[in-house]
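Residue numbers (the UniProt record's numbering), protein chains in the order written: chain A, 1 to 377; chain B, 1 to 377; chain C, 1 to 377; chain D, 1 to 377.
Since the hints were derived computationally from the structure, they do not count as laboratory data. Among the hints, a few may not be true.
Which copy is meant is left open, because identical chains are indistinguishable; a pair holds if it fits in one copy or across any two.
Stated by the list, open to error - In the DMTMM-like style, the derived pairs of lysine to aspartate or glutamate whose C-alpha atoms are separated by at most 20 Å in a straight line are:
1) Lys316 <-> Glu367
2) Lys316 <-> Asp192
3) Lys46 <-> Asp257
4) Lys316 <-> Asp342
5) Lys316 <-> Asp32
6) Lys370 <-> Asp194
7) Lys46 <-> Glu121
8) Lys370 <-> Glu6
9) Lys187 <-> Asp32
10) Lys119 <-> Glu367
11) Lys187 <-> Glu94
12) Lys91 <-> Asp192
13) Lys119 <-> Asp257
14) Lys91 <-> Asp194
There are 4 protein chains.
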Amino acid sequence: MRDIVEIGMGKTAQRGYHLDDIAIVPTRRTRDVDDVSTNWQLDAYKFGIPCVAHPSDAIMSPASAVALGRLGGLGVLNVEGLWTRYEDPRKQLEALAEAGDEENLTARLQQLYAAEPIKPELIAERVREMRALAGDGNVTVAVRVSPQHTLALAPVILDSGVDLLVIQGTIVSAEHVSTVDEPLNLKEFIADLDLPVIVGGCTNYQTALHLMRTGAAGVIVGIGADHLTTSDAVLGIRVPMASAIADAAAARRDYLDETGGRYVHLIADGDVHTSGDIAKALGCGADAVMLGAPLSLAEGMPGNGLWWHPSASHPKLPRGSIGLTAEPLGSLEQLLYGPATDPDGLLNLFGGLKRAMAKCGYRDLKEFQKVGLLLDN
Amino acid sequence: MRDIVEIGMGKTAQRGYHLDDIAIVPTRRTRDVDDVSTNWQLDAYKFGIPCVAHPSDAIMSPASAVALGRLGGLGVLNVEGLWTRYEDPRKQLEALAEAGDEENLTARLQQLYAAEPIKPELIAERVREMRALAGDGNVTVAVRVSPQHTLALAPVILDSGVDLLVIQGTIVSAEHVSTVDEPLNLKEFIADLDLPVIVGGCTNYQTALHLMRTGAAGVIVGIGADHLTTSDAVLGIRVPMASAIADAAAARRDYLDETGGRYVHLIADGDVHTSGDIAKALGCGADAVMLGAPLSLAEGMPGNGLWWHPSASHPKLPRGSIGLTAEPLGSLEQLLYGPATDPDGLLNLFGGLKRAMAKCGYRDLKEFQKVGLLLDN
Amino acid sequence: MRDIVEIGMGKTAQRGYHLDDIAIVPTRRTRDVDDVSTNWQLDAYKFGIPCVAHPSDAIMSPASAVALGRLGGLGVLNVEGLWTRYEDPRKQLEALAEAGDEENLTARLQQLYAAEPIKPELIAERVREMRALAGDGNVTVAVRVSPQHTLALAPVILDSGVDLLVIQGTIVSAEHVSTVDEPLNLKEFIADLDLPVIVGGCTNYQTALHLMRTGAAGVIVGIGADHLTTSDAVLGIRVPMASAIADAAAARRDYLDETGGRYVHLIADGDVHTSGDIAKALGCGADAVMLGAPLSLAEGMPGNGLWWHPSASHPKLPRGSIGLTAEPLGSLEQLLYGPATDPDGLLNLFGGLKRAMAKCGYRDLKEFQKVGLLLDN
Amino acid sequence: MRDIVEIGMGKTAQRGYHLDDIAIVPTRRTRDVDDVSTNWQLDAYKFGIPCVAHPSDAIMSPASAVALGRLGGLGVLNVEGLWTRYEDPRKQLEALAEAGDEENLTARLQQLYAAEPIKPELIAERVREMRALAGDGNVTVAVRVSPQHTLALAPVILDSGVDLLVIQGTIVSAEHVSTVDEPLNLKEFIADLDLPVIVGGCTNYQTALHLMRTGAAGVIVGIGADHLTTSDAVLGIRVPMASAIADAAAARRDYLDETGGRYVHLIADGDVHTSGDIAKALGCGADAVMLGAPLSLAEGMPGNGLWWHPSASHPKLPRGSIGLTAEPLGSLEQLLYGPATDPDGLLNLFGGLKRAMAKCGYRDLKEFQKVGLLLDN
């Protein structure tokens, strides 16, 4: 039974479970690893691995987004990031990396984003760049926009000819109330579009269901928590991902029933650092994972080894630090497919997933959502 | 259901939950941050933020109390502290700060308070100072007295013309038993006063209800636990604040019913360090928070960066250390209203609260007490 | 309800609670600290504080045992320790303290105990010394013997004229089975004695009840766990003291009923480091606490700042380290009665207890056993 | 009742308990340590202690396997390790130990195993060596083979004349599915053999029962987790050993019933570091423990103080580090039988077990499986 705990007289709280609290459970059958598939398909787009990049400038440039696409994942460029504020942000990124561990790196990051406005013409330019780099490879081109800027930036984004749109804020609801601005009506907006939309993050059943009803092809679950996140200290909000994913999966089932079969994909965004975490997130019901900090460990990332979440550059209330993650561990390909030369689950992310599926006897991702779970005492 | 656990045969304990154990939960609605209000009103006094200062000499001088008042909070000067023992305690405070991290700082603190008695004439003088500094700004003048000294010091305090009286000890009950002294009868004392009284701290439903029945306008919940507190080691007492606040909120509901509508405010005093903690305390049912150590991080505080709880200077049984909290983070205004240049929830305390309320879709503080909570496994 | 957990199919474990897991809970009444008494009486012997010394050579010499007695507690000398192996063990103790933090201090300790046998004539000598030191002060003279050596050493001990005998091993049962030696029949042995006996340690209801039925005046609960103990690593045994004390208190109630009123005292031995721990142990139902490591912090202890549990010198299987606890904090009197100049609960142990009792509104030790408890999530 | 927790709507997880979560509980009876036996018998083979060596090259050479046998345990040589890849691997092992703490020791380990194939003729040679070393002492000769190589290597292994065969992989099931290779049918394979087989690891009731039905004499429970293991990070798999052993013990009971009395032994492989852990594993229902890292602390082990689990050399996805455990603590005999000169439970492993059994009043291993357990809050 789900635990509803009375924390004080008449005040209840629902227990939440983190990915770290759980593990997947092998069963009586094992399977050959070569018989296991990690293929994922969202709308018409096919991917070799269930991997969406977090749209942070630390890891997503036009070049790295396409590189990830070539390797079977989905790259996502932030149209509100440095690449649409600066003609060529590489020297800013280098200067940031050189500043390294200096004390007020957050202030420096805030300044970098505040110094230049978003330039719509650069959005079109960046999408063109990605198309050119993609060539005729099987690469899906996607960008991220925040709900606040969606109405203003949508025309130029859609004109630029992206394949897929990600509308993402820390916490997105289908019902934003404002007496100040005209809020975005997600349902009307998405209905009018020809291309598939991924929307989120959300953290519970109710919001997930409402976001599914907007017509989105995918819903992001979680707020992208990583080892530098401080949402709990700043906002009092934290998201136990195992529970959040499972609750959103329940919303998916109910939405399948109410629509007679429309399947909305769940992309888990938060607390996924290792191949083991990927296995756990999928085991809770996710269709794919959004990877941020883990990809910053690849050689040649735009952040040069630095990682920061988009919310770390908020001008008045940053909810995450910026910092070096570690020395690069290997190429992006090695990160995704191995071989691993260290045993920490940071290399061979999807080879690790494949082996976990094999050890539990599952063949494909959808089937693997049924894997048994255990909970540490 | 509330957990009553049998820890041994026939011996039970009730589970208690700390603010760190819980988080607030966004729901299906979000709201524009500019539509959110943090206004708070206690009796006739209005505040822009639900913030009461802890009456420690480390943060409250006549000047800083008024400064907090101008910024929308409630400053409280301790009439049993250094400002009523010394004509001008600033050089003692500076010497203490210079002693810095020296080993027996507690002994030094004990000596500082023991060396001079409380001087009633200085009480009147300090209140006059605060009035003068306040000018005709919207500043509420308040002082703190302990239950033990209330009868002796009340005449001079009331004559001095304060707006609001805080009667505060570590643990205050409405029923103090003594064969040695004539104990303070809180009910009779408060009934005879013309000005609103805040009384506490208390830690459970029963005591909170009894303190409400004294006629107090506000009840303090908690014992002011901070990162230097040692009440658990010294007394075996610790207060899980989430449970304590929720239990006191239940007492408030029952007292509303028994009085046909008298609303007593709850001021949460303990384990509130960040904007996230403020959001959690209010989410559990508090109307305001009492801030001690967090305010010691502002520039120009009387303790010059040192923090100590009033109980840290107890002559025979100190229940808390004295120590440097950290380098000053910014002005008092920046602490309360930002902008934050670090992401740890220590700056922009009430901007962070506002954004938390917005992300959860609430408009004002009273409404926000209904926010959903989750509990970590 | 007491938690019986199925840890695997058909295999259950009972949840146990440590003193650290719990706290005492103030109620609606507070009391003047001067109205609180910590008097304790065991059989005909009266004590100002419920404090029994652990019979470790690190803290108990004839001199320190009597010193504790003069201060209101009960000193206990180990008749199987250094004082009955060496004519004057002070130079051995000094050499040990000088060896300080050297690596193989355990081996050195083992050797010190193995090098000389127990000498019965020294037992009589040490008791005479204690009597002489005690003079006509109100000091109770007590020694400790292990169950294994009780039959052999009893004659000389009883002849020497002690007031009180402590029969103590790590785990003592009323039913020791051996095909090798004639085991001690505690029931017969104690029935034949004229003086009161304290026996233990035990860890559960059943054993506590059986030990009460031997006719003992007091039963020791726990195995003397301190910060250097390794019983869990060596034996797989650990004792959650809150549960163990409460279970033994239930045995006491049942034994009171079955005997029509014979009250056996419980002495809590383990995890009691601070005044807060003392309050918790008594709140769980103990009548007194056995203090070991905490007393090693007093100036002039025989171990010169070193602490070791008697089981740390076991020749083949030591279950605890030997090590420096900390710099001496003050005299034995200051340790027991304050004033405290540090806030960690290590000084003013029984002043802290008294204040805890006052804050919870209790007058004496027996009444205080009813104090409410809370359990951390 | 076993906890099945709903971690999200419609998604459950079963709580699992680690050996660290539990402790054994003394009861009302104690026993003389000299009356306690640790004898263990598997099929026709008799052992003085319930100790099986983990087949890692770090601890098992032909010489050390026989040395353990002479001391009463069961040595197991890995036929897929360095001793069957290299004519004389001692200089490779020394070079590895000299490389010590260098950074990419994992890569070096991977290379060492990849550089040479398994040579069947060396298998026969190693078994001959062990026989010669064993002489006519009471030593059982055993080797380990993985399920993947069992069919290929079985002929040479069986011809070589081992007493006992260990078929061991990280996770072994009785039902391995492959479209690529002909999988091993364990049931048919074991039925055809004349010698007893130990098979595993497994982690739950169902797999344990299926493995028992293959006709194995012993089933390994667990995946050999030690302090360097990273299965959780890499695969999302971790095994709470207390629960896994208890579940397998339930499978044993059911299998006893379905076969009318065939008793299959459980060998606990994981999280057993100290004598206390051994006691806990047996208390949960194991008949013996598999020791890896703890034996690497003996003087003269082939790894020269290094420890690695066989899975740490996996060419693409290592699931464990290689590293120095600590300075050698003493001879293998002292490790197993003491005397201990440190109190950490790493020396006198089976003397510690014996004393634990005595303190709880049990005579032999089978009886000790009924010992009471407690669970920490």
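Tested hints:
1. For the identical chains of this complex, Lys316 and Glu367 are neighbours neither inside a copy (44 Å) nor across copies (25 Å), given an alpha-carbon limit of 20 Å.
2. Neither within a single protomer nor between protomers do Lys316 and Asp192 lie at most 20 Å apart by alpha-carbon distance, with minima of 34 Å and 47 Å respectively.
3. Taking the closest pair of Cα atoms, Lys46 and Asp257 never come within 20 Å of each other, the shortest separation being 25 Å inside a single copy and 52 Å across copies.
4. Taking CA atoms no more than 20 Å apart as the test, Lys316 paired with Asp342 passes between copies only; the shortest distance there is 9 Å, against 39 Å inside one copy.
5. With identical chains, the CA atoms of Lys316 and Asp32 are at most 20 Å apart between copies only, with a shortest distance of 15 Å across copies and 52 Å within one.
6. Taking the closest pair of Cα atoms, Lys370 and Asp194 never come within 20 Å of each other, the shortest separation being 33 Å inside a single copy and 40 Å across copies.
7. For a Cα distance limit of 20 Å, the shortest separation of Lys46 from Glu121 qualifies neither inside one copy, at 29 Å, nor across copies, at 49 Å.
8. Taking the shortest alpha-carbon separations for Lys370 and Glu6, only the inter-copy value of 14 Å comes in at or below 20 Å, while the best intra-copy value is 31 Å.
9. Taking CA atoms no more than 20 Å apart as the test, Lys187 paired with Asp32 passes between copies only; the shortest distance there is 19 Å, against 44 Å inside one copy.
10. Proximity of Lys119 and Glu367 under a CA criterion of 20 Å is satisfied in neither setting, with 44 Å inside one chain copy and 40 Å between copies.
11. When the C-alpha separation of Lys187 and Glu94 is checked against a cutoff of 20 Å, the pair qualifies neither within a copy, at 40 Å, nor between copies, at 61 Å.
12. Taking the closest pair of Cα atoms, Lys91 and Asp192 never come within 20 Å of each other, the shortest separation being 39 Å inside a single copy and 70 Å across copies.
13. Taking the shortest Cα distances, Lys119 and Asp257 never come within 20 Å of each other, neither inside one copy (43 Å) nor across copies (59 Å).
14. Taking the shortest alpha-carbon separations for Lys91 and Asp194, neither the intra-copy value of 37 Å nor the inter-copy value of 67 Å comes in at or below 20 Å.
The structure shown violates the earlier hints numbered 1, 2, 3, 6, 7, 10, 11, 12, 13 and 14.
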